[in-house]
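Participant: With chain R's structure known, arrange chain H on it following the hints.
Read top to bottom, the protein sequences are chains R and H.
Note that this note's numbering has the first sequence beginning at 1, numbered continuously upward.
Note that this note's numbering has the second sequence beginning at 1001, numbered continuously upward.
Think of the hints as simulated: they come from the structure by calculation, not from any bench.
We treat Cβ as the ideally placed atom computed from N, Cα and C, and that holds for glycine.
Watch out, some of these pointers could steer you wrong.
[Claimed, not checked] Rough simulated footprint, nothing fancy, chain H against chain R, three-plus residues with beta-carbon under 8 Å:
# : stretch
1 : 264-277
2 : 300-311
[Stated by the list, open to error] Heads up, simulated SDA-like pairs for lysine to any residue below, C-alpha to C-alpha not over 25 Å straight-line:
# : chain 1 : residue 1 : chain 2 : residue 2
3 : H       : K1108     : R       : T30
4 : R       : K108      : H       : T1030
5 : H       : K1108     : R       : P313
2 protein chains.
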Amino acid sequence: MTEPTLRDIRAALERIKPYAHRTPVLTCSTIDSLADARLYFKCENFQKVGAFKFRGACNAVFSLSESEASRGVATHSSGNHAQALALAARLRGIPAYIVMPENAPSVKRSAVEGYGGIVTLCKPNLASREETLAKVAAATGAEVVHPFNDYRVIAGQGTAALELLEEIPDLDAVIAPVGGGGLLSGTAICATELRPGIQVLAGEPHAADDAFRSIQAGRILPSDDPQTMADGLRTSLGELTFSIIRRLVEHIITVEEEEILQAMRLLWERAKIVVEPSGAVPLAAVLSRSAEVTGKRVGVILSGGNVDLGALPFR
Amino acid sequence: MTEPTLRDIRAALERIKPYAHRTPVLTCSTIDSLADARLYFKCENFQKVGAFKFRGACNAVFSLSESEASRGVATHSSGNHAQALALAARLRGIPAYIVMPENAPSVKRSAVEGYGGIVTLCKPNLASREETLAKVAAATGAEVVHPFNDYRVIAGQGTAALELLEEIPDLDAVIAPVGGGGLLSGTAICATELRPGIQVLAGEPHAADDAFRSIQAGRILPSDDPQTMADGLRTSLGELTFSIIRRLVEHIITVEEEEILQAMRLLWERAKIVVEPSGAVPLAAVLSRSAEVTGKRVGVILSGGNVDLGALPFR
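Looking at chain R on its own, in the form it has when it is part of the complex:
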């Protein structure tokens, strides 16, 4: 597959429509006043498995031919992608082999197994993850579905922006968080092709600013064990996502941990929705650069809402 276009994102939306939620777009006048802009929140926290990840995983799983699909899918992940792939595979009636580090929280393992995923444990380092995944894939013939560096996944993630722009066509800008870059890449392809001239922005934690630094440097500069509460954004860009983001994204706005917490609190207190720290990063970015969006209509992709209610950061 070559780099996806709007056409591929439209095809992805048709493919996942029977399985994924068309998530609502919410607005909040109090937050608009603070930003001095009109913000449209695309609520992927309401998506299946609680995050946009289901879109990409579902598109990948349902893109497979019958014979490919029959051997199942595989990935290494301890996060939302693992659950998303397991659920998508169950919906197609095929096995999902998930490689997880042995120190992953048991609640995450249970969640994957709850969706029917077959878990293989590995040592908690990237080499062991990749080696174990390669073994599992060789033994089963399963198709490996990378969490972001995969065109099928990127096209699937782009469907959130497609739904958003179908509902609110006249946006001046759209902003997504950036971790591995799958959501941002799909968003950028969709938005720039559907609305030439639209501004595509990204929010990234300062403490995990590999995308910001990589774009500046013109080459991938991964983060090394970044410490941010936005746990979904600790990943670094891949080659496919780097190439798309470099071309189509206007600014990557980095934000401090305190700004992430404030934005998350606003979404909970004022918009009354449960958003995880990673999902609050784009709003934090908008609020930190409100001069640049003054008076604009901005689509804000809230990426997910998976939090541990027993360990919230609010004081």
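Facilitator: Chain H only, in chain R's frame:
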């Protein structure tokens, strides 16, 4: 004004439409599985001021003639009704006089003043509240708008059920929480007139079960200082709401505090929405009586989402 009918609720919806949110209806497959029913959550936690109360207050304020309105509105409340009335009055450009007990949390007083309400403090007992309100009303000529025992307010609260039934016409049952009974009364009038044969249910904290006991006894038996985390439901029925509820509501289902907490947790963790304890009571009721709703399509009115994030009940 006589007891409102569906016609009055329709008129109320036209009246408040320019000011109130048409709140979304959300579903959650995980919660549906637990209930073994199909639940449609009408999200009044997303309403202006974070609760359905804005509907009733707004209908009352915009029902006034120009000359009545010019003298303003008044009420005694320390809760969501105070904020709702202050905001509705500001939208009409008239004063709102709010009597609050002197021990009300300063955050609640600030919220009312933030909406332009003029606060008069009183002693923290019902006699002082009523006496102070009477004085304020006499001095200003303001129209008193009771939080629930007022037909204009009841008609306004019924607009939530009207929107819900417009969107999901084929409900088998609808359930609302009951405190003073304004929301439940409006819901019952709307639902039974629009869908003859629909079941109208209510959820009430066992610890504040005055509505349950009053309906059993055939006369109003107020609760005396009830202790429940569902702080919006500590109020007892009024004469107007008692008469409507007695006639139109099939069951009042009482729930324990632990059930309220569990239902609230489900809504936060699974539906990803911030709902206050009072708003979770109807879901708690559905889950505690799931045998009675098996396979049914049930509209569940989530009444509000105002919580203190610094003092959540989750462990």
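Participant: When the structure is checked against the list of hints, which entries are broken? Sort them ascending.
Facilitator: Nothing - there is no hint that the structure violates, so all of them hold.
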